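Participant: The listed protein sequences derive, respectively, from chains A and B.
Numbering-wise (UniProt numbering), the first sequence opens with residue 1 and increments by one.
Numbering-wise (UniProt numbering), the second sequence opens with residue 1 and increments by one.
These aren't lab readings, by the way, just hints derived from the structure by calculation.
Check the hints yourself; a few may be wrong.
Identical copies go unnamed one by one, so any copy, or any two together, can satisfy a pair.
Unchecked claim - Result set (SDA-like, lysine to any residue): computed pairs, CA atoms no more than 25 angstroms apart in a straight line: (1) 390 with 245; (2) 201 with 219; (3) 390 with 191; (4) 59 with 17; (5) 59 with 120; (6) 381 with 269; (7) 248 with 230; (8) 59 with 235.
Computed from a prediction, not measured in an experiment: that's the story for all the values here.
2 protein chains.
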Amino acid sequence: MSDAPIVRPLPVSGFPEWLPEVRIVEQRWLDTIRVVFERYGFCSVETPSVEALDVLLAKGETSQEVYTLRRLQADAADDSARLGLHFDLTVPFARYVAAHFNELVFPFKRYQMQRVWRGERPQEGRFREFTQCDIDVINVDRVPLHFDAELPRIVHEVLTTLGVPPWTLNINNRKVLQGFYEGIGIGDPLEVIRIADRMDKIGPAGVADLLTTRAGLDADQARACLDLAAIRAPGAGVVDEVRRLGVKGDLLDEGLDELATVLDDLADLPAGSVVADLSIARGLDYYTGTVYEAKFVDWPDFGSICSGGRYENLAGSFIRRSLPGVGISIGLTRIFAKLLAEGLLTPGPASPADVLVVVPTAERRAQALAAAAALRARGLKVETYHQADKLARQVRYAARKGIGHVWFPPFADDRDHEVKDMASGEQATADLDTWSPPPA
Amino acid sequence: MSDAPIVRPLPVSGFPEWLPEVRIVEQRWLDTIRVVFERYGFCSVETPSVEALDVLLAKGETSQEVYTLRRLQADAADDSARLGLHFDLTVPFARYVAAHFNELVFPFKRYQMQRVWRGERPQEGRFREFTQCDIDVINVDRVPLHFDAELPRIVHEVLTTLGVPPWTLNINNRKVLQGFYEGIGIGDPLEVIRIADRMDKIGPAGVADLLTTRAGLDADQARACLDLAAIRAPGAGVVDEVRRLGVKGDLLDEGLDELATVLDDLADLPAGSVVADLSIARGLDYYTGTVYEAKFVDWPDFGSICSGGRYENLAGSFIRRSLPGVGISIGLTRIFAKLLAEGLLTPGPASPADVLVVVPTAERRAQALAAAAALRARGLKVETYHQADKLARQVRYAARKGIGHVWFPPFADDRDHEVKDMASGEQATADLDTWSPPPA
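Bound-form chain A, shown alone:
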């Protein structure tokens, strides 16, 4: 063995990796999410991990967090490439749609499940590399409003199928906020939206303070904004509650109509899964209508696990066409890691195999391999033990890997094949051509 110094083998902080028994569950999650997305006819898109920096920064967001690339032994000229890792899947998607505009069929409905990178300080729920699962619909000139309801429906189906702990998808409409703010005489609604978006972090008093000191609102205006933000209702009844505040305006009416339509469309979902919450603002400037933000009920301080909204023209930096869209992003790694940390995720087996075929003796190894091949030909997942060895050791190997069944080829020419059910401990003769593991 080498005497060279040992390099510390840990993964870098903020870059999670899982043991096989956890990874197998993550794979099941990814498969489940993909099945639900495809059930609604969304197609898969993957974009490069790397984009030109001017693409990444076209929207002017989160520039601090971007990781840029440089070849290890690059000369100065090489730096001109100006490449960075993507920090979300929305900007690359907008770029993708612009790049392939003439080859795509609109409305374009895609899902995208990829890793993204942010140079943040790692803390609970924040990673520097994580996987997001996004769905977006983008269209030329106009995206029908019913997609604003279809996306939370899909998210509901995903989270329900995954069996995650209780969560609420809060929904609002930027037009309601902007129309309301304009209706009470506020000149710069976007600044008020940005301040209102900090409600979670600084509370109503903090928001009221910033509204007066920074945005220049008077006390009545600030109070009206807080009254609006306090409204929360399970359905389209939210409209009456907003109207009761006595503010009027066309944009407000339009927003309330949209919000009510979306909520009505979702009225069949279980109570509490989708709720109108007028405090939801979403900090990003590009949202123009419906906005979404999902949170765990039991961990209100954990931050959002899904978010998104409707945007008027995200691809406008790349192409001179109006391409509005609506999208939601599911924070897969954030949710998954939280449940893992809370002990709410049951690890799976450390092997995908249905069966371990034992090798009774070196002489009978060929027979064991033939048995494994016969089972594989029937679609079963089969490990063969790697050498002739004590049977107890081979069975223990299956137990440690969580393999549910152990197959014993005949130990003598006049004997049968046998299979042992590791859960019950029962062992019985079995036919290579017909045996299947009982359904889980």
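Following the hints, put chain B in place on chain A, whose structure we already have.
Facilitator: Chain B alone, transformed into the frame defined by chain A:
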């Protein structure tokens, strides 16, 4: 629309991305590969895209190609993190095994399908971001030789199932090379291996020249090396051909025994799929036994599409345990992109949907949504058209997305549901509760 300058929306050169109808085929490939890997009981591992630079460079290889990371607006101190994107999956796997040594069950058999990055100049078959599919077996102290045969068997099953054009997996054994070179009195066999590995690029004459001028071999030695490298045989008969060169030695015998055993184990595979080729050397120093290299038969200059071999102790930089292993990497993106470029890959549909449900009129939209929900509840993949529109336009949308069936909810209360088969053009009444698309 904004008058801001347009940012060029193309993906960066060397970072491939596919249209939905190509991505859907890539997904099918990935699913197929995963199914085959799991059929042999290999478990999935994913490691972070990013490793500490001292981990990446522990083996001293390919340092030029490594992309290092830096936060966009980092201060000088931030650079100390010294992070880089992985350039293969073998080094991260070795680090992973060392990090989780006490939690893994050995022999540890894993597959890993991930993107890797190399700061190379893009050209045919060379990308800066691409996906590799690796399988490796790693064990404490000893890995049974039969795994050296199992891996090419799995690769054979993968490539056959994918239906790629004819290829050959060339196989050799480093012990044969080293034993042979020692047997003819060469002092530094590794240097000769590195020179022999360039046969493809510089030909026999170039190799002979380097062997004499750089490695200091005499003419007889150089000729013997070329005679060895010229040997190529479909099975264990290769042993006789090597013996005929009259060189002797224990290590040579050991290597020939191993090579014969592996070839015998694979004798049932179709002729030409696995061939002993004594010119295969693999440049990397860490291989110690069996080595593999697969190539397309029809494009001999395209370079290798799979490669790998047996290594004595790849994790030795990270942990003071002897962890030998054997592995093969399938160059997925390289193969996929080549077939795409050659026109040998038939794009799939641009939507995963089995059915498009049309919306006959705005009044009947709820009925269309209900029909779609009923079909989805039975596991079908269903798009609903996004608005009431001319039927011809809705059917054309299905055609452009490659959706095989169009579903017509009743246009009047006394009518039936109907479904149109887009391939045959036939339209017939259909039952929401029983209809399924005919198997493809």
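Participant: Given identical chains, is residue 201 near residue 219, meaning Cα to Cα at most 25 angstroms, within a copy, between copies, both, or neither?
Facilitator: within (21 angstroms within a copy, 79 angstroms between copies)
Participant: Is it within, between, both, or neither for residue 390 and residue 245, if the alpha carbons may be no more than 25 angstroms apart?
Facilitator: Cα proximity of residue 390 and residue 245: none, with 79 angstroms in one copy and 43 angstroms across.
Participant: Quick one: residue 381 to residue 269, C-alpha cut-off 25 angstroms, is that within a copy, between copies, both, or neither?
Facilitator: Cα proximity of residue 381 and residue 269: across copies only (20 angstroms, versus 38 angstroms in one copy).
Participant: Could you place residue 390 and residue 191 in one of the four classes (within, between, both, neither) given a Cα distance threshold of 25 angstroms?
Facilitator: neither (73 angstroms within a copy, 43 angstroms between copies)
Participant: Cα distance capped at 25 angstroms. Does residue 248 pair with residue 230 within a copy, between copies, both, or neither?
Facilitator: within (18 angstroms within a copy, 88 angstroms between copies)
Participant: For residue 59 vs residue 235, is the C-alpha pair at or below 25 angstroms within one copy, between two copies, both, or neither?
Facilitator: Neither: 34 angstroms inside a copy, 61 angstroms across copies.
Participant: Is it within, between, both or neither when you check residue 59 against residue 17 at 25 angstroms Cα-Cα?
Facilitator: between (31 angstroms within a copy, 22 angstroms between copies)
Participant: When no copy is named, should residue 59 and residue 120 be tagged within, between, both, or neither for a Cα gap of at most 25 angstroms?
Facilitator: within (19 angstroms within a copy, 29 angstroms between copies)
Hints 1, 3 and 8 from the earlier list are contradicted by this structure; the remaining hints agree with it.
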